[in-house]
Structures are given as C-alpha cells and as structure tokens.
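Spelled out from the first residue to the last, the chains are:
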Amino acid sequence: MIVRPSGNWLRMLFVWDGSVLKSIVPQLLLILAISSLAVATDGRIAGIKIPLDTAPFPLVGVSLAIFLGFRNNAAYARFVEARQIWGRILIAARSLTSQALTYLPQEDDGFARKLFVRRLIAFVYALTHQLRGTDPRPDLARYLNEEDLEHLSGMDYIPVALLDRLRLMLARAARKGQGPEQMLWMLDAQVGELAAAVGGCERISNTPIPFSYGVLVHRTVYLYCFLLPFGLVDAIGLATPLISVFVAYTLFALEAIAQEISEPFGTDPNCLALHAMTRNIERSLLEQCGQPKPEPVAANAAYNVN
Amino acid sequence: MIVRPSGNWLRMLFVWDGSVLKSIVPQLLLILAISSLAVATDGRIAGIKIPLDTAPFPLVGVSLAIFLGFRNNAAYARFVEARQIWGRILIAARSLTSQALTYLPQEDDGFARKLFVRRLIAFVYALTHQLRGTDPRPDLARYLNEEDLEHLSGMDYIPVALLDRLRLMLARAARKGQGPEQMLWMLDAQVGELAAAVGGCERISNTPIPFSYGVLVHRTVYLYCFLLPFGLVDAIGLATPLISVFVAYTLFALEAIAQEISEPFGTDPNCLALHAMTRNIERSLLEQCGQPKPEPVAANAAYNVN
Amino acid sequence: MIVRPSGNWLRMLFVWDGSVLKSIVPQLLLILAISSLAVATDGRIAGIKIPLDTAPFPLVGVSLAIFLGFRNNAAYARFVEARQIWGRILIAARSLTSQALTYLPQEDDGFARKLFVRRLIAFVYALTHQLRGTDPRPDLARYLNEEDLEHLSGMDYIPVALLDRLRLMLARAARKGQGPEQMLWMLDAQVGELAAAVGGCERISNTPIPFSYGVLVHRTVYLYCFLLPFGLVDAIGLATPLISVFVAYTLFALEAIAQEISEPFGTDPNCLALHAMTRNIERSLLEQCGQPKPEPVAANAAYNVN
Amino acid sequence: MIVRPSGNWLRMLFVWDGSVLKSIVPQLLLILAISSLAVATDGRIAGIKIPLDTAPFPLVGVSLAIFLGFRNNAAYARFVEARQIWGRILIAARSLTSQALTYLPQEDDGFARKLFVRRLIAFVYALTHQLRGTDPRPDLARYLNEEDLEHLSGMDYIPVALLDRLRLMLARAARKGQGPEQMLWMLDAQVGELAAAVGGCERISNTPIPFSYGVLVHRTVYLYCFLLPFGLVDAIGLATPLISVFVAYTLFALEAIAQEISEPFGTDPNCLALHAMTRNIERSLLEQCGQPKPEPVAANAAYNVN
Amino acid sequence: MIVRPSGNWLRMLFVWDGSVLKSIVPQLLLILAISSLAVATDGRIAGIKIPLDTAPFPLVGVSLAIFLGFRNNAAYARFVEARQIWGRILIAARSLTSQALTYLPQEDDGFARKLFVRRLIAFVYALTHQLRGTDPRPDLARYLNEEDLEHLSGMDYIPVALLDRLRLMLARAARKGQGPEQMLWMLDAQVGELAAAVGGCERISNTPIPFSYGVLVHRTVYLYCFLLPFGLVDAIGLATPLISVFVAYTLFALEAIAQEISEPFGTDPNCLALHAMTRNIERSLLEQCGQPKPEPVAANAAYNVN
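Keeping their order, the protein sequence lines are chains G, E, D, P and B. Heads up: the first sequence runs through residues 1 to 306, numbered per our numbering. Heads up: the second sequence runs through residues 1 to 306, numbered per our numbering. Heads up: the third sequence runs through residues 1 to 306, numbered per our numbering. Heads up: the fourth sequence runs through residues 1 to 306, numbered per our numbering. Heads up: the fifth sequence runs through residues 1 to 306, numbered per our numbering.
The following block holds chain G by itself, in its conformation from the complex:
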C-alpha cells in the first residue's frame, strides 16, 4: 500500500511512485504509435481511408461508462471489505486479550494467559501467510511451542486449527468453574468473530469478480482506444496523438488500478499492507500484556508499505 502525503497540486501532476503509469507504459506507446500512424496516413490503413468520425464514440461511451464504473466499484468494494475484516481482527484480538487478562482465573497466571496471547498472535500471522501464499513457519515458530507446531504441520486450514486450540483453553478454564459466570460466552464470541474474519478473507480470496466482466471490459477498452485515432484524425489532425493517449491513459489506468485492488491480499502497490497490519496487531496485544513490542513496519523508498 502506498502511504504518502498528497503534496501540493503541482507536484501531484508529476508523481511517479504510487502512480500506475509505469505498468501501462507499453500499451500507451502502442496507442501513440497507432495514432501517429493515423495522422501520418490521414486515417488510412493499407491505403484505404477508414470512414470514422467522432459521432460513434459516445455510443460506445455509454457501455464503457457502465463497465468501468461497475468494475471499479466492485473492485473497491472488495478492497474496503477486506480492510474492514482486518479492522475487525484487530478489534476482536484486542478484546479477547483484554477479556482473557481480566476475566480468566488468576491462579495459573503467567503461563496460560501468555500462551493464550501467543497463540492469538500466531493466528494472525498464520492468516496473513495463508492469504499471501507464503510459508508461515518462521513467524509461527516465534510464538508457538514444539507441540503446537507439530500439531499444525500438514494442515490446510492452520488459522482455523489455532482458533480451535484457543477454544479448548477456554473450555478447560470454564470447566474448572473459575472466572465470572458469563465468561465462556463472552470470550467464545470473540473467537467466533475471528473465525468469521478467516471465512471472510477466504471468500474474497477464492471468489474473484466474475471473469467474463474482466474480458468484456478489457476488450471494449482496447478496441475503443484502437479505433479512436481514426475517428479523431479528421477533426483535430495533429492533436490526435495527444488526445488519443490522454483518453487511453485514463481508461488503461483505471482498469489497472481496479485490477490491483480487486485482489486486496496481493502484493501490488495498491493492495493492503497485510504485514504492517499484522505487526500493528502484534504490537497492540503485546502492549496490553505489558511486554516489549517490535517496531512498526516502515515504508520503503517508493512509499510502499508491505
């Protein structure tokens, strides 16, 4: 995720890092070439004049507006939902920690409480790695003991398994009859909230926006931009490449951004900063336990937070 101050209006015009411009340069060069050719040949292909003017383009524009607007909204809705789910993970993890420290029995203080919070932090790391498709073991090893690691090895649904372990600890504490009466229900509700977050993340990961939309938008955008120079050349002559590339830039860039944010758990510059959010949860839980906490994740030179 790009985190940078928006700066004044003039500098914003020439931003490079954080713009999607770099990913669409080849296509823009192609449009530049086509439109220059159209100008040079006065709108001819193989000597035959292409009989277009600007009139048909607003007709396609209606479809284009619907497609791009829809796709962008759908992609952004996925991004926002993913972010909200991670916000709820932070909230539930904090509440679970707070309730465990406050309501769970005092006698076996120290070990059990700490183990509980350690497993909770490991859960967050496991989810991050599952969503990114990376190896969770190094991070898990920082918080879990040998037995836990063994139990999880070979499992496909590690975050779920860690939540089951947390529930087991709650069930044992409840059976001993210690803590206030409604204790189990209150803590179980937070575990349930975390389980809902896991399911929500998996849903976003596993079900993309229907593929056919992407194909349809893509084809319409490119065909529109390929035809545009031939429609403009009679009206605006030498300005054709400028306007064609400008229009193409707006369309290609919107498609590129929408593509990136529609998969919010990826590693593109406009995806969510999963690692920074995980670290933030870790830091907050450790502060609640009164333990030393690691540094927050910082942005790299291109203002990108991982």
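One-sided and incomplete, this derived list gives chain P residues near chain B with beta-carbon spacing under 10 Å:
id: 1; residue: S63
id: 2; residue: L64
id: 3; residue: A174
id: 4; residue: L184
id: 5; residue: W185
id: 6; residue: A189
id: 7; residue: G192
id: 8; residue: F252
For the record, the hints were derived by calculation from the structure and aren't laboratory data. Each residue gets a CB set at the ideal place from its N, CA and C atoms; glycine is no exception.
Assemble the complex: chain G is given as a structure, and chains E, D, P and B must be docked to it using the hints.
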C-alpha cells in the same frame, strides 16, 4: 465459475473460454447482416430511405445506461449476497464443529460427536442439491444412517429437517446438564445462523429480479441495435458494420453476463461453484475432526469450476 | 409477481404477459399522435414553426438520468428490503418452531406445542392481510380458537397482539422452570425478530418515496416526450414517430415499473407474491411438525403468482 | 410528509400540493426574464453579443450530474436512515412493552407496569420535541407524574434521562429476583435499542451534509441556468425561454427537494411525519396494554401529514 | 465542520466562509491566464495553431465522470462512516454510564462509580487526541488520577489501555457477586462497542483511499482543464475564459472537497468537529451523573466548529 489467471493484456483480448462471446454469436451475426445490408442499400428498406442520423441515439442512450447499469448492479448484488451467504455457512459450520468438539460432554465421545458433524456435512450437501434441483440422496447416503435417510424421504425442506435433528441432539445434551452453562445458547446460535443461510438462499432462488425489467432492457437493447446501422450509415459508410457489431457486442454481452450471475445458484460459467464450496466445507470440517479429507474440486479444461 | 422462464432472445422481444406495455399503451398512442402531427405539419403548432432541434434534449437528459436512476434505485431498494423482511419472517418462524419443538417441556406435549405453531401461522396470515388491507378473519379462523378470535376482534395491530400471545406462552413455560436454562432468551429473540419484521413492513407501507419526486419525474418525462417530436422532425423527418415512441416507451415503462415495485405489498404484477410466501411458510412449519401440508400457490395463466 | 394517491398520469402533471414548484417560482421567473431578454436582444448584454453555443453545456453537465446525483443520494440516505431509526423505535417500544407485560413480576401489577409504559410513551414524545426544537412539557405532562417532571426540568438530554429511569425500574425488579432469569438482559437490550435510536437521531440532526457541497451545487446550478439562454438563443430562437425554464425547473426542483429531505426532522412538506409516527407508537402501546387509544394524526387539506 | 444555515438562494451564491473557493483560487487564476492567452493568440502556442475542437472533451468526460463520481462517493463514505462511529461512541458511553449507575453495587457508591465515568470521559478525550495527533495529557489530567496517568505514560494505544482499566473494574465488581446476574455481560458488551469504535477510527485513519486514484483523478482533471481553452476558443471566442474557469471551478472544487472529507479526522473546514462531539459526550455523561457540565463548543467567526 471461471477461475483463471487474467494473463497479460494482449492475451486477454483473445480469450474464448470464460468469455460470454460464444453465447451471443448468433445475435451478433444478425446485427452484422443488418448493418451490411444497410451499407449495401445505403440505408434503404424496400427501397425507402430510412431518414435516421446519429442524433437520436444518445437520447435512447440515457435510458439504456439507466437500464443496463441498474440491471447489472442488481444482478451482481444477488451474486455477491449468495456468495456471502455461503461464506457464512462455512463460518457457522466450522464454529459449530469447533464448539461441539470442545464444549460438548466427553463421555459419549466418538459416536455422538461424529454423528453430529456427519449430519452437519450432510446438511451442506442437501442445501446444494436443493438449490441446483438435483438428487441429494447419493451424497446424503455417504454421511447419514438408514434411519436419517428414512426420516428425510419425501420431505420438501430437507436442510431444515437436518437442522432440526442437530437441535434435538443439542437439547438432549443440555438436558443431561453436561458441558458449560452457556453451551446450548452458543451452539443454538450457530444452528440459527445455518437456518438463516437456508432462508437466504431460498429467497434468492425464489424471487428473481422483477420480470418486467428483463423485458424492458431486452427490447430496448435489441431495438437500439437494429436501428443503429441506419443511423450510422450516412456518417461512417463502410465502417458501419464494424461499429454496429462493436456496440451490439458490448450491450448483448453485458445483458448475457447479468442474466447469468443474477441466478447465482445455476450452472452457467459465471454462476457460483457450489460443489467446490461444499467440498471445501466438508474438507475443513473433516480436518477439524482429525479425519481424512477428500481432494478439492478441480477446474475442467475450460477453467470452469462446478 | 411474474414467474416465468426468460426464454430465448427472440421470444423475449414479443412478450406481453409480464411486460408493463399494456399499462402505458394510451400514453404511447398520444405520443404517436403528437409526433405524427409534428411530421404532418413539419413541426408547426397552429401554423407557427416550433424552432427546436436536438441540441437541448441532452441538457434535459442529464436531469432525466438523475431522476429516473434515483427513483428506480429507491423503488427497487424498497422491493428488495420488503423481500428480505419476508425472508427473515420465514427464517424466524422456522427457528421458533424448531426451538419450541425441541426445547419446550415435554409433558404438555401435543396441545401446547401445536397451539403455539398454529398461532405462529396465524400471525403470518394476519400480517399478509394487514399489508394488503384485506380481511384476515377467514384465514385466522383456520388456525385460531374462538377465544383468540374474540380477543383480536376490533384490534388495529393484530400481528402484534398475536406475538404478545406467543410471548405469554413462553413466559408461562419459563416460570414452570422446565426446559433448558437459556430457553426463554432464545425463543424470545425469535419473537423479537418477527416483531421487527412487522415494524419493517409497516414502515415500508406507511412511508412512500417522497411524493415530490414522483411529481418531478413525471412532469419531466412527459414534457420531454411532448417536446421531442418537434426537436427531431427537422433532422429525421418520417422516422420521428418511430424514435419518439421508442424513447417514450423506455421512459414511461421505467416509470411504470418503478411505481409498481415501490409499493411491494400491492397486487400489481411486479409486486411481491405475499400469498405464495405465506403459504410457503405455512407448509414449512407444518412439515417441521410432521403434519399434512397444503399445496403451494401456483401461477395463473398470465404467469402471475399472487 | 405528503401522503396522497399518485392518481392517473394526466392529473399528476398538474399537481400543486406536494410539488416543490411553489417554492421555486421566483427563481423560475428570473430565468424566464433572463431568457426572454436574451431572445429580445438576440443574445446581447449591453449591446455585446455573448458568443456562446450549446457545445460547452454538456461539459458542465458532467459536473452537474455528479453534484446533483451525489447530493440527492446523500440527502435521501439521510431521510431513509431517519425513517429506519423511527421504525426501530416503534419495534423496540413494542417489544419492551410486550416483555414488561409478560415477564415482569405480577404482584405489583397495575401501577408499576403502567408507569413503565407511560414513561416509555413520554420518551417518544420527548424525542420528537427535541428533534423539532419544540416544547415537550404539554405532552410529557399527559404521561408523567409531578416527580418525573421536576426531575427532568432544566435537563438538556431529556430522552436519555427517561431511559435511565426505565433502567432503574428494571434494576429494582431484577434485584427482587422476580421474573425469569434472563429478564433483565432481554429488557435492557430493548432500552439499549431505544438509546441507540436517540443517538442516531442526534447524529443526523447535528451533522449536516458538508456545507461546501451545498455551496458548490448551488453555484453551479444557478450559473449554468443563467448562461443557458445565451447558449440556446442562436440555435432555437423563440423556444429559448421554454427550454431554459424547463431545464431550470428540473435543476432547481431537485435541489429544493434534496434540501428538504436532507433534514428529515424538519417541518417541510417532504420531511418525516414525526407527530404521526409518535401517535402511532402511542396507539400501538396503548392497545397492547388494553387501554383506550387516541385517533391517528390525519393529513391536512394539502395532503400534508405533520 | 461548517455549521451555518443555508440562507436564501441569492446569498448562497456569494458565500465565502464554508466554500472551498479560497483554497483553489491560485489554480483558477492559472486557468484564467491560459484561457485568456488562448483567446489572445486565437488558440496558438508558440505560433502554432492547436487543432482542437469541442468533440474530444465529452470522450474524456466519460472517464472524468467515473473518476470524480467514484472518488467523491468513496470520500463521503469515509466521512459518513467516521461520523457513525462517533455516534456509536456517544451511544455506548451513555449506555455504559446508565448501566453502571443502575446495576453496579450500591455500597461503594460515590467513588467507584464516579471513577468509572471519569475514566470513560478520559477515554473519549484520549481517542480524539490520538486521531488528531495532539497531546492528550492536559485533557486526561482533568479526569484521571496520578496513578492512571503514570500507567498510561509512554503507551502507544492509550484508549485501549483505558478500556482495559474499565474492564478490570467490571471484573472486580462481578467477582464480588454483587449486582444482577447478567451485569458483567451487559456492561462488557458496551466496552466492546467502544473498543470496536477505536478500531474503526484507526482503520479510517491508517488506510487512505488508494493513492493511485488520487494521482489519476488529479492528472485527468488538470490536463482536461489545460486543454479545454484550446478546444473552446474557435467555437465561443471571447466567452472561453468564462466557461473554462467555470468548468475548472466545478472540477477543482469537487476534488478539493473530496480530499478534505476523505480524511474526516483532520482539521480542515469540512472535517468532523471532533472536539465538539467529545464535549457533547462529556456533557451528556455528566448530566446523567447529576454533575455540573461545561458549555458546548461554539462555532468561530467563520462558522467553523472545531
């Protein structure tokens, strides 16, 4: 559901599997024929010149934009809601399993717990088959005993009946007074969540987008495309078929996609992968119980996951 | 509600039942007359040429798009919400039945349980009749005893009174101390859900979309269509009636559909099938109790489900 | 709120009560004057020809569509939310009454229960008057005793104070240990729902749509309408006043409606009928208690329900 | 936040305070200069005629409408969500106060209850200062004792730590077994609601709208406005600067407002009035406790409430 990487921008232009192009080829050929005829006759029908130009089309375009935009959004909202309901089924089934394994009494361990989870998996299969209108018995027979199968035979609302059976098991366990105090309430809430999912799926299945919208959109789109060649022919001559087919492609394709995803439980390529999701729930629950799990459902050659 | 398969693309063009065409035929004939007159007089009224061309119409089109788009979305949102409330009624009624059969005490089995479910079914019928403004007594008499009917006579809020009766039964069962501990809370929550559904339906019924919107949309649409022929006649001559009626059809039809679905509890073809949904709830509850169930409501010859 | 049947399509064109036309007549006359002047002078101001044509107006139209569409949606969302909050007040007040009558202890029947419901009705009246900025004392005096009125005098948050009093009654009943076990929790939840409604109403009241939007929309609409006659006069001559006033009507009217409904607790014709809704709640609660109920609030001659 | 009556339609045209006009004056002057230059040179740059007309601008307008509409909606959604979260803080703080005063044990009345509410008010101040990045210590010192201040010093998540302290007080009261049975659960739920609000505010603060959108919108808007005079000059000559600045004003102003409200916790004129809302919560809680309350925050001369 089509699951395939989006590939680079050039290959996306020529995708065949996962595009709706194949389902609208006949209509596009018709538009091609009409527009070629319009060019050949210079915009005449039976020798009479049709006095159209491009001016009226943006006027219809306003209505068209509202209709298509609305219909597409309404269809996608149904798709998203259906997917969210199935996400909640996964979440509730996992939580119910986790809570049953953790909080339900130990003594009659083994049998009762396993039966509980087996009935839960059978519930998910029963719902899938009800939504698709297929025969649930082969899948039910894998998880239910004779008595259960007998009880369900001839019933119209099988998933509801299976949830009632789960509630009965909870009631018996609660009456014995075993398990933590709030046990019944916590597990009943998950059963209630599953019941809400059944009702939500039935609602989407039984109440389509009002039929009149479909008729109105359909007529407007086709009449617009039939008239378009006669409006374009004076302005762009030989390019008329190209533009007419292009405009028709965007409109027909959007209508076709919207039609498919508005019935998300169907078997079209853009519908939900009910069987894959059911298998995923089955796998997750079995892993929670420490039992062997079947393979996930794979995509076919056309990238279609059922 | 119209329930009919969407058929192939050609037949959809000529559908009559389920289209709103029949309700706007007079207005379309008026536009046909006006536009024919405009062609015949070459755009004159009382001999004076109306100096319009197509340029002003897109300016009005901006407002028109906002009005129609808004009104249609607002109307559909009401339709969807009404349907979701009825979905929740089904869900809560089923859960209440399931919980009553499972958790309520055994000894006074038979009578009390059955009375409970009978009153629940009567509640659904009472709500349907209240929303439609029809007489509930014939349907209530099928499920309630004399004393209940007497108690309800003369009441303005019959569904509320029936829910109060259900709560009274729960309170008595709870006072006897039978059933699991959390029983009352779990069943009361379902009654509360049904009460929320009643309030939600009343809200949709009693608060229409602000009346001024309707007036504004209506005037804009009609004035636009009355002026259109005079704007088109110089440009497209004899095609003026065709285009004018086409544009008017799209606008009038959208207004007509939006009007129908904005009152989802009415009896127009695009309203909700309240009676079919009520029967469906009745059938499901009776199947849960193991009792014989009536046939579902079928569509009439015009594909209309009441 | 205007409550009137929408009538047939012809009469809707000439509706006066319930239209916002009356509030924008002066501005429309101004536009009529400007456009008549533009026709008379052939588009000159002080003898200098204003060199406008229709081409620039669609460019401003893009901004205009975004502004008006946004502002209208934002305003309507506030209206709908306000209505939903009042729907929830009805629901919670009914449930609280039902639960109090059913679950609260029997012995001090009569007084305590009735006092509870009287305070509840007083709460609704207090909220209405707070939102409208009117004096609540006459209505409060109908339902509260001297001690309550004294306690509330000089308070800024009267509805909150009345809810605190209801909670106090619940706490006392719970301390006596009468009624079912979960009684307190169930009734407290309804009080919490009412408290949430108070906070929701205050939020809508205290935080308008950001003021700058209003200024921006207003300026754009008026400048657009002032310039329009000079852009149209060369193209459509004598029809300029007609079209200018028509366009201005659609824009001014939409702005006026949006302004009214964005403050849904006001007393404009398109605001919510707070008094009618309050009376409806009062009537429903009194019927639940078996007490005589007042008449519903009726519409005045202009179809306006207060 | 600007709080001012909207006044009559004429005065709204010349409002200065509360308009974003002042922040975009430099850019508008630049457009004025460019368009004046275009008129003076008859659309030439360095003597070369720029061959533009108005035809290409509607093509860019499609993208522009999507970008600005999307960005504005996304920004407003953040504003509304932030406001709703603060509404929930008010609601939960009031309910927590009400429940603490009503249900918490009587004997250690006075001190413990007051301390509880004082910590609650301190929590709200701590959150305000965290979101604004200001020093919370002066406000915290008004409500917290030395020990609390010491405990919080050096912490990164002060609002979370204060909620943990509130939970600790609840846990102690519950362990003593005083108060009604469900007491802990009911009060813990309110603390959980406040914790959710903290997480929600942090989410809005930490995750801006993806940066690339801002860059894309900004570039498109400015390039569009820079090119516009050259497209208009042939058609409308001397009116070019007027129309260019008008169009630029609508686009720049919308971008500026959207930028301000997308960071609702900032201190720009269109941001939320955090301090006024905090004071309002403080006043309401103190009134509930029957203690003297401070004055509400007033608007400054520019109608700005902080």
